[in-house]
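Protein chains in written order, with this note's numbering: chain A, 4 to 154; chain B, 4 to 154.
It should be emphasised that the hints constitute simulated quantities derived from the structure, not laboratory data. Predicted model only: the values in this text are computed from it and were never measured. Wrong hints could be hidden among the right ones.
[What the hints assert, rightly or not] Computed, partial: chain A to chain B, Cβ under 8 Å:
| hint | residue |
| --- | --- |
| 1 | 18 |
| 2 | 28 |
| 3 | 31 |
| 4 | 33 |
| 5 | 35 |
| 6 | 59 |
| 7 | 89 |
| 8 | 110 |
| 9 | 117 |
| 10 | 122 |
| 11 | 124 |
| 12 | 129 |
[What the hints assert, rightly or not] Output of the computed footprint for chain A on chain B, the stretches with three or more beta carbons under 8 Å from beta carbons of chain A:
| hint | segment |
| --- | --- |
| 13 | 9-19 |
| 14 | 82-94 |
| 15 | 114-127 |
Cβ atoms here follow ideal geometry from the backbone N, Cα and C, with glycine treated the same way.
2 protein chains.
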Amino acid sequence: MQLTQFTDLSLRLLIYLTRLPEPGMATIQEIAEYHQISRNHLVKVANSLANQGFIMTTRGKGGGIQLARPAYTIGVGEVVRRTELNMNLVECFDAPTNQCRLIRNCFLKATLYEAQRAFMAVLDKYTLADAASFGTNVDLSALSGDKPQTS
Amino acid sequence: MQLTQFTDLSLRLLIYLTRLPEPGMATIQEIAEYHQISRNHLVKVANSLANQGFIMTTRGKGGGIQLARPAYTIGVGEVVRRTELNMNLVECFDAPTNQCRLIRNCFLKATLYEAQRAFMAVLDKYTLADAASFGTNVDLSALSGDKPQTS
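So here's chain A without its partners, still in its complex pose (with noise of 0.2 Å):
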């Protein structure tokens, strides 16, 4: 169970947008550096993250990328949906391409739809101002034991 490492970049490239102090600009190849990931596939994880109107771009000197909109307006799920390119947990969930017999009488795809659901509802209730916060404004009571790092 994982996320792609496109939808990985894209979220850190965005929170990365997000720290920095007005007006936001950065170049691809300064959190390239920073991050240090190839500089080719984040160019591929920008343009996609512009063609999606979550970045975008100024040319010549001084320019960079930047939020195309606030980042409390900008969904962690909204990101997630749009950068995961493939959402279909099993087989069955794509129909076009379905191979499993057990299709038409089973119920473990209502399952882990369900599961899904549940899934993408916690990443709707944060935005990437909540994702790139340094403070305690998520929610962490609903984890127990194997706590993330959060200092």
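Dock chain B against the given chain A, drawing on the hints supplied.
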């Protein structure tokens, strides 16, 4: 966002066995033919499920595989946790291999943890008996819009 094919096939095999009349025994060949899946691939899945204690094998004529315990005692979440080898949604979930420099002050990780827990909490509500059922004992109320085919 996908589960692996290994998990998908594990669930199909277990649901196939769950639906059999007593004593619930089948050969791998029979299941491979039913699902039109490579027998060799299914042998690996069955070996893994046997090692995990989900199924047991009876050798010799009339032998085959069957559930090692009643379907209503095997949670869908339990199966997914055991068969899905990589539950690291993004790179920073795995501290030893993480390269992301945002890790020590990023709430995205907490957000994704919370979402994954919500996902697994749904799967933990259901057993193989629920998932294999032809009836309506799976709660569909959490679903809306694009409902899975249920008959």
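*asked:* Are any of the numbered hints broken by this structure? If so, which, sorted upward?
replied: Violated hints (numbers, rising): 2, 3, 4, 5 and 6; every other hint is consistent with the structure.
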